Structures are given as C-alpha cells and as structure tokens.
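Now for the letters of each chain:
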Amino acid sequence: MSTTTRSAALHLGLIALIAVLGLILPAYHQGNLARILVLATYAIGYNVLFGYAGLLSLGHAMFFGAGMYGLGLAMHHGDVSALPAFVIGIACAAALSAVVAMLALRTIGVAFMIVTLMFSQTAFLTVLYFGTWTRGDEGFVLAQASRSIAGLDLSNPDIRFYAALILFSAALLITARMMQVRFGHVLIAVRENEERTRMLGYDVFRHKFLAVVISGTISGAAGAAYALLFGYVGATFTSVQYSIFPLLWVLLGGAGTTIGPFVGALFMFYLIDYTSGLTSAYMLIAGVVLVLLTLFARAGIMGEVRKRWLRWLP
Amino acid sequence: MLAMLEGAVGAAVLALTALGLSLVFGVMRVVNVAHGEFYMLGAVLAWFIATSLGGHPAIGFLAALIIAPLVAGIIAVAADWLVLKHLDYDPESTIVATIGLLYIMQQSALMLYGPEARPVEPPFNSRIALPWVEWGENGLALFYPWGLGTTTYKLFVIAAAATILVAFWLFLSRSRFGLIMRATQLDSETALAFAIPVEKVYALVFGLGAALAAMAAVLIVPIQQAHYLMGGEPLLLSFIVVIIGGLGSIRGTIFAALLIGMSDGIISVFFSPTLAKIIATLLVALVLVFRPQGLFGKKPA
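Heads up: the sequence lines are chains A and B, in that order. Just so we're aligned: 152 in our numbering is position 152 of the first sequence, and the numbers increase by one with no gaps anywhere. Each position in the second sequence, counted from 1, maps to that position plus 314 in our numbering.
FYI, nobody ran anything at the bench for these hints, they're computed from the structure. One or more of the hints may lead you astray.
To be verified - Estimated spans, in silico, between C-beta atoms of each pair:
{"#": "1", "chain 1": "B", "residue 1": "E547", "chain 2": "A", "residue 2": "E192", "range": "38 to 44 Å"}
{"#": "2", "chain 1": "B", "residue 1": "S577", "chain 2": "A", "residue 2": "A95", "range": "28 to 34 Å"}
{"#": "3", "chain 1": "A", "residue 1": "F183", "chain 2": "B", "residue 2": "S422", "range": "40 to 46 Å"}
{"#": "4", "chain 1": "B", "residue 1": "L426", "chain 2": "A", "residue 2": "I108", "range": "35 to 41 Å"}
{"#": "5", "chain 1": "A", "residue 1": "L25", "chain 2": "B", "residue 2": "A392", "range": "41 to 47 Å"}
{"#": "6", "chain 1": "A", "residue 1": "V141", "chain 2": "B", "residue 2": "P433", "range": "52 to 58 Å"}
{"#": "7", "chain 1": "B", "residue 1": "L426", "chain 2": "A", "residue 2": "G31", "range": "56 to 62 Å"}
{"#": "8", "chain 1": "A", "residue 1": "Y28", "chain 2": "B", "residue 2": "P433", "range": "40 to 46 Å"}
{"#": "9", "chain 1": "A", "residue 1": "E304", "chain 2": "B", "residue 2": "P433", "range": "54 to 60 Å"}
{"#": "10", "chain 1": "B", "residue 1": "S422", "chain 2": "A", "residue 2": "L25", "range": "54 to 60 Å"}
{"#": "11", "chain 1": "A", "residue 1": "D273", "chain 2": "B", "residue 2": "A392", "range": "26 to 32 Å"}
{"#": "12", "chain 1": "B", "residue 1": "K399", "chain 2": "A", "residue 2": "M199", "range": "31 to 37 Å"}
From a predicted model like this one, the values you see are computed outputs, not experimental measurements. Ideal Cβ positions, reconstructed from N, Cα and C, are used throughout, including at glycine.
Based on the provided sequences and hints, a complete structural model is requested.
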C-alpha cells in the first residue's frame, strides 16, 4: 500500500469507527464524545501551526473566541439564523488571524509566544469590557429554537453528535490532504530549518502567514460550532486556560501527527472528567501532564507510536 | 496626590516582583510563567505563618518576611533541579513546563489553602492624615479632609521595597556571587570554561527570582488579601514591565516598574480598570512587535 492509501484508510477508518461509536455508546458518553470531537477540531487547528509550522502560540483562545462570539453575537443580537451565523463566526476568526499574523509573525520564538499571549489577553479583556453585549464571565445562552440548520435541530443529541463528527472529519481530511501537497511539505521545511527553506527560494513569510490563518480559521470554526451545538457563549472560552488546552492536547496526542490532536483531546477530556469528580483542583492534573510530557515524552502518544512502530503514520 | 501614593506602593511591590522575573530571564533565558505563583505562595505562606505564630502581628510578619521567601526559593530550586535542568533550559520547552508548574502550584494551593481570600494583619498601622491646601474664608488654609490620608504601613512598604532593591543592586554589582551571575549571563559557556558551576548558578538564580516575588507578596499581603488566584495579575504586570524595560535589563526593569506602577495608580482614576488593562496589554504586545529590545534596551549588536 502506498502512503497515500494508507493514510486515507487510517483517517476514513477512524471516522467510521467514531460514527459507529455514536450509535452504540450510552447517552452520557455520546455527549462527551460530541464535545471531544469539537475540541479535537480546535486541536487540529492548533496543530497546523504548532505541529507542522513549528510556531508555538499561547493565544489560540482568541481565535476560538472569535468564532464563538462571531456566531453568538450574530444569533443573539442580530437574529441571524444558524448557518449564516456560522459563516460569520468563521469569517471573524479568519480576519482576526490575518491581523494577528501580520503583527505577530514579525517576532520569533519566545517573543512570538508572549505576543500571542498578550493579544489573546486583550481579546479576553475586550469581551469583559463590552459586558453589556457579551454578558462577560456569565455569558449567554443561545435560544434552542434558533439552533437548527435545514430543519435539523442541533440540540438533539444524535444530530449534534453527527454534526460534530462532520466538522471534525472536514478538519481532519483537509489537514491530512494539506500535508500531502507541496504547501505542507514547505511548512515542515520551515519548521525544521527556516533559513535553509528561505535560501531554497521559498517565501517563508507567506507560508507562515497562511499557516496562522488556516490554523486560526479552523480553531474559529470549532469555537462557532461549540457555541452552536452546546448553546452557550462565555468569556471563559477566551481566557488563557483555553489557549493552554489545545497546546496540552496536541503535545499529549503528538504534535505533527494528523490524529494526535484527537487522541490528546480524548485522553485529556476523560482524565479531567475523572479527576474533577475527585477534587475541585482538577487543573492540577493538566499541570502535571504538561511537565511530564516536556520531560519524558516530547513526541506525545502518536509521535512515540510513529517513532517505535509505524514509521508511515501521517 | 493620593493616587500617586497608592501608585508608589504598587510600583514598589511591582519592582520587586518584576526584578525576579527579569533576573531569571536575563541570566537563564527562561521565561518563568510560574513567577506569579511564587508571589501567591509568598502571600499564602505569610498567612500560614502569621496565624500559626499568633501573638503580636509584628512577630508573625517578621517571621514571614524571612521564612516565606526562603521556602519559595527552596521550592524554586527544587523545580529547577527536577524539571528545568533536564530540559537544557531550552526557551520554548521551559515555557511549557513552567505553565505546568503554574497549574501545579495554583491548584495545590487551592487544595491545601482553599478558595477563600484571607487577610493578614499589618505589623503596625496608624493613619496619617495629609494636609490639603484650599482657599477658605480666611484666605489660604490648611485642612485635613476625610479620606485623604495614608497609613504608616504603606509608607513602610515603599521604604522596605526601596531598601531591598538597593541591597540587591549592591549584591549584584559588588559581591562575588553577583560577579559570577553577571559572567554567566554574558556567556554561560565561557563561564563554564572558567570553572563557574553554571548549573548551580542557574538553580540559585531561579530560587532568588522566586524569593523576590515571595518577598514582594509578604509586603503587600497586609494591604491586599491572600488568595490562590492572586498570581495572575502580578505575572501580567511583571511581563509588561520586563518587556517595556527591555528583556533582561535590570535597570530598565526597575525604571519601567516605577513608570507602570505609578501610571497604573493614576490611569485607573480616569479610566475603567478593564479599559486601562486592554490598552496596556495591547501596547505591550505592539512594543514587543516593533521594538523587541524594549523601550530602554539597546539594540543587539
């Protein structure tokens, strides 16, 4: 089997497996899995930038938030119906990521991390500042009646699950395809050696710029979908914590692997779900996992699998 | 006038906190995201010490001023030994690891200390009314309006922070360890070749940075309260200060701390605090984008 067929088989197999799980899982876990699929989409977006282009952002919550508030405010205050609002959410995230990319890509390394962190903090504070419309920390709930596309009620658990799966599959297949074409190869080249890539005649800035925009847009789509599917928009989703989460998922699952973000989000979600039953200090586990990962498993779960057993893993 | 005095208290404490962050970044090239949690640790320890000792608040306060930075320093040295050293102080992985440390410390505090904010009694606290000049019925007159005043403790905080800063400055520029630290900062490989135990220096610097943050927190905790989430604000402000002052430049850091601390006190009188924060964070991000060497830093050669 060629690498392309293998990777197609892997991705379609994973999607089919999840689709079947959606039929047989009990309601509680089906709901969890729907949430994980949306969060994994967010992680896939993050992985485009961190895993492939090698740029560590600490501010992706602003893109997630842009999608979420783009959709949420349009539906809540503008009476826009769900599908156009979803498009507005994605457009907001794309526009924001283009602006952030223009500014932040002037810096590299640690400065890039701090600049993205600062921009994201600005976005978070802006949400709080316009509390009259955003309701700040408290957030607002999207009316159940408005949450439907083409007559399908997205608050229905089964429909919600498959809507999340469609979103996840689209993000997974797009990024998987992206890494097979020239654009993806150049991104990896930038990650491995920026100077050499530039010397070979590639426009490094253009590739990095596109990586930020694609990454931000996918993250924004996840944010908009999260608001639409679960009906809640709140400032917490733009806080620093939600910038750290995708980093954690991608590191855990394996940066620079296509299915790593899903694996990481799945593990972390259930780990936190389990610990929050034991103690209110459930973020402790996130801290411990972060430290252990940087110390012992820099490649993450799927990265280690690729290193040891499956060299072809995309 | 009153806003300036409040600003000076904030600036004094901020200078100490930011100095710790700047020191760690300058010498080790490590951005310590967990810095605010060492600050929180200092405040929480101060509460533990003050309540367990009892007696006159001054005894507990003095004990806290010595013990809290020491404990924070030891924890930081341990963190350096267990984690940062094994990452070879790689700038990007250390950020991720210190984010992990941040959550570990913050959540441990939540488990051991609880979610409440708790006050610590100041060692001494008497009000001083400030005179105000106004054109009264009998011409120019001095009077003491209600609410315009400060406490001796706030003045003490300013003086104490200034003393620590000067002492630290002398330590850095005159002592042998200061020399070793500056040598490591300049060129760690050459320093290693001259038999300077660079790893030990790193561990001590990391401990010292944390101790400075803890000391700042002990000073401020009688004015504010100890809370497990209190580390976020000083971390962000310290970041701002260190970036404006030029990454790793100690003199720039202290100057920027005074600037930011004072203006924070004054700005918040005129603008809503959230708007002030939005402007400040955005400006800092733009400074980092367009003048990465900071407003006072020199351009790298």
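Checked hints:
{"no.": "1", "hint": "E547/B <-> E192/A: 38 to 44 Å", "verdict": "39 Å, holds"}
{"no.": "2", "hint": "S577/B <-> A95/A: 28 to 34 Å", "verdict": "32 Å, holds"}
{"no.": "3", "hint": "F183/A <-> S422/B: 40 to 46 Å", "verdict": "44 Å, holds"}
{"no.": "4", "hint": "L426/B <-> I108/A: 35 to 41 Å", "verdict": "40 Å, holds"}
{"no.": "5", "hint": "L25/A <-> A392/B: 41 to 47 Å", "verdict": "43 Å, holds"}
{"no.": "6", "hint": "V141/A <-> P433/B: 52 to 58 Å", "verdict": "37 Å, violated"}
{"no.": "7", "hint": "L426/B <-> G31/A: 56 to 62 Å", "verdict": "33 Å, violated"}
{"no.": "8", "hint": "Y28/A <-> P433/B: 40 to 46 Å", "verdict": "43 Å, holds"}
{"no.": "9", "hint": "E304/A <-> P433/B: 54 to 60 Å", "verdict": "49 Å, violated"}
{"no.": "10", "hint": "S422/B <-> L25/A: 54 to 60 Å", "verdict": "35 Å, violated"}
{"no.": "11", "hint": "D273/A <-> A392/B: 26 to 32 Å", "verdict": "31 Å, holds"}
{"no.": "12", "hint": "K399/B <-> M199/A: 31 to 37 Å", "verdict": "35 Å, holds"}
In summary, the structure is inconsistent with hints 6, 7, 9, 10 from the numbered list given earlier, while agreeing with the others.
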